Amino acid sequence: MTREQHRRCTFLTDEYIPEQSGRTMVRSQDVDLDKGALAPVYFIFHSAFACSTMMARALDIEGVSMGLKEPIVLNDLVGLKRRGAAPARLSAALEQSIALLSRPFSTDEKIIVKPSNIVNSLAPSILEMRPAAKALFLHAPLKSYLRSLAAKNMWGRIWARENAIGILEDGDLIGGFTSADLLRLTDIQVAAVAWLSEHARFAKMIERFGADRIKSLDSDKFLNNKHDTIARLSTFFGLALDKDQIENLLAGPAFTQHSKDFSKFDSTARLDRHSNVDDSNGEEIDMVVQWSAAVAESQNIPLELSAPLL
Numbered sequence: 001m002t003r004e005q006h007r008r009c010t011f012l013t014d015e016y017i018p019e020q021s022g023r024t025m026v027r028s029q030d031v032d033l034d035k036g037a038l039a040p041v042y043f044i045f046h047s048a049f050a051c052s053t054m055m056a057r058a059l060d061i062e063g064v065s066m067g068l069k070e071p072i073v074l075n076d077l078v079g080l081k082r083r084g085a086a087p088a089r090l091s092a093a094l095e096q097s098i099a100l101l102s103r104p105f106s107t108d109e110k111i112i113v114k115p116s117n118i119v120n121s122l123a124p125s126i127l128e129m130r131p132a133a134k135a136l137f138l139h140a141p142l143k144s145y146l147r148s149l150a151a152k153n154m155w156g157r158i159w160a161r162e163n164a165i166g167i168l169e170d171g172d173l174i175g176g177f178t179s180a181d182l183l184r185l186t187d188i189q190v191a192a193v194a195w196l197s198e199h200a201r202f203a204k205m206i207e208r209f210g211a212d213r214i215k216s217l218d219s220d221k222f223l224n225n226k227h228d229t230i231a232r233l234s235t236f237f238g239l240a241l242d243k244d245q246i247e248n249l250l251a252g253p254a255f256t257q258h259s260k261d262f263s264k265f266d267s268t269a270r271l272d273r274h275s276n277v278d279d280s281n282g283e284e285i286d287m288v289v290q291w292s293a294a295v296a297e298s299q300n301i302p303l304e305l306s307a308p309l310l
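All residue numbers for the sequence shown refer to our numbering, where the first residue is 1 and numbers rise by one.
Hint data in this document are derived by calculation from the structure and do not stem from the laboratory. From a predicted model like this one, the values you see are computed outputs, not experimental measurements. Please note that a few of the clues may not be correct.
Unchecked claim - Listed next, with one range per pair, are the computed distances between beta-carbon atoms:
hint, residue 1, residue 2, range
1, R161, D220, 23 to 31 Å
2, D272, Y16, 24 to 32 Å
3, G252, M287, 13 to 21 Å
4, I165, D278, 24 to 32 Å
5, T186, D242, 47 to 55 Å
6, D244, L310, 15 to 23 Å
7, D34, I165, 36 to 44 Å
8, L303, T13, 42 to 50 Å
As the list claims (entries may be wrong) - In silico DSS-like cross-links for lysine-lysine, where the CA-CA straight-line distance does not exceed 25 Å:
hint, residue 1, residue 2
9, K221, K264
10, K35, K134
11, K204, K152
12, K134, K221
Glycine residues also receive a C-beta, built at the ideal position from the N, C-alpha and C atoms.
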């Protein structure tokens, strides 16, 4: 795929990759990879509904870095893990996949991978096998997260339960709930339990790998401080962007087009959608946010992650 084809793909999945793109099946043992030519690789792990695709698009800067959006190979490895693959087999496949994703588009470019949120279960293994890699943990504040989910109506609520089931299969769903308890929860409560589980997972990784390798950021701060976010991220990932480059990025399509359908988008449009959600779901969301704070306190889950980027 060309760089422009990458830019037009919402995600690097079969659904979005152009049909005319060449596809060749190669056995893993037959892959010939020059590991000396691989680029430095960094990661944006996220909670979903956190503007992570916007950020990955912004970091597609020719000659500097390339943002890879949700490569399906990592989703496939999550499936392999959930089906009970032997750890050695999974580790070998993950190592080779990260190496393949690290091939640079041009000399001296860095690679920034923004996986799907389901890949968070593999994040500790990825960071362990790439000691030089750094990662941003980008998350939506709980209320923003629940608003975004509610805006998707039935499909958002179905996704919330599927997401929670996946985290449960990973062994990372927070404790304190029996199966019957979970079934008694509303869809919005289930979404909050999944969000708390992700937050707990992120907090453990920050403690394990340290603030030198991991930074955290919430999406509201990102949208309200775009310039500072990109400047700090440039320093953290070693991109060395100057003021003019940052201004060009902020005026570019990553910040003016919707990341999924490329329609006009800005933070005001996002706020308008959230306001509409409040009219129909605001009372429930406010109640669930309060309930979640009590759950977090009972399980020592920080609602504010440490190692902030800003």
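Results of checking the hints against the structure:
Roughly 25 Å separates the CB atoms of R161 and D220, a value that falls within the hinted 23 to 31 Å. At about 27 Å, the CB distance of D272 to Y16 agrees with the hint of 24 to 32 Å. Between G252 and M287 the beta carbons are some 40 Å apart, a value that contradicts the proposed interval 13 to 21 Å. In this structure the supplied range 24 to 32 Å holds for I165 paired with D278, their Cβ-Cβ distance being about 28 Å.
Range check, T186 to D242: about 49 Å between beta-carbon atoms, so the 47 to 55 Å window is met. For D244 paired with L310, a C-beta distance near 22 Å keeps the hint of 15 to 23 Å intact. Range check, D34 to I165: about 40 Å between beta-carbon atoms, so the 36 to 44 Å window is met. In this structure the hint that L303 and T13 lie 42 to 50 Å apart at CB is violated, the actual value being about 32 Å.
Note on K221 and K264: the hinted pairing holds, with a Cα-Cα distance of about 21 Å set against a maximum of 25 Å. For the hint linking K35 to K134, the alpha-carbon distance of about 19 Å falls within 25 Å, and the restraint holds. Taking the CA atoms of K204 and K152, the gap is near 30 Å; set against the 25 Å cutoff, the hint is violated. Under the criterion of a C-alpha separation no larger than 25 Å, the hint pairing K134 with K221 is consistent with the structure, at around 20 Å.
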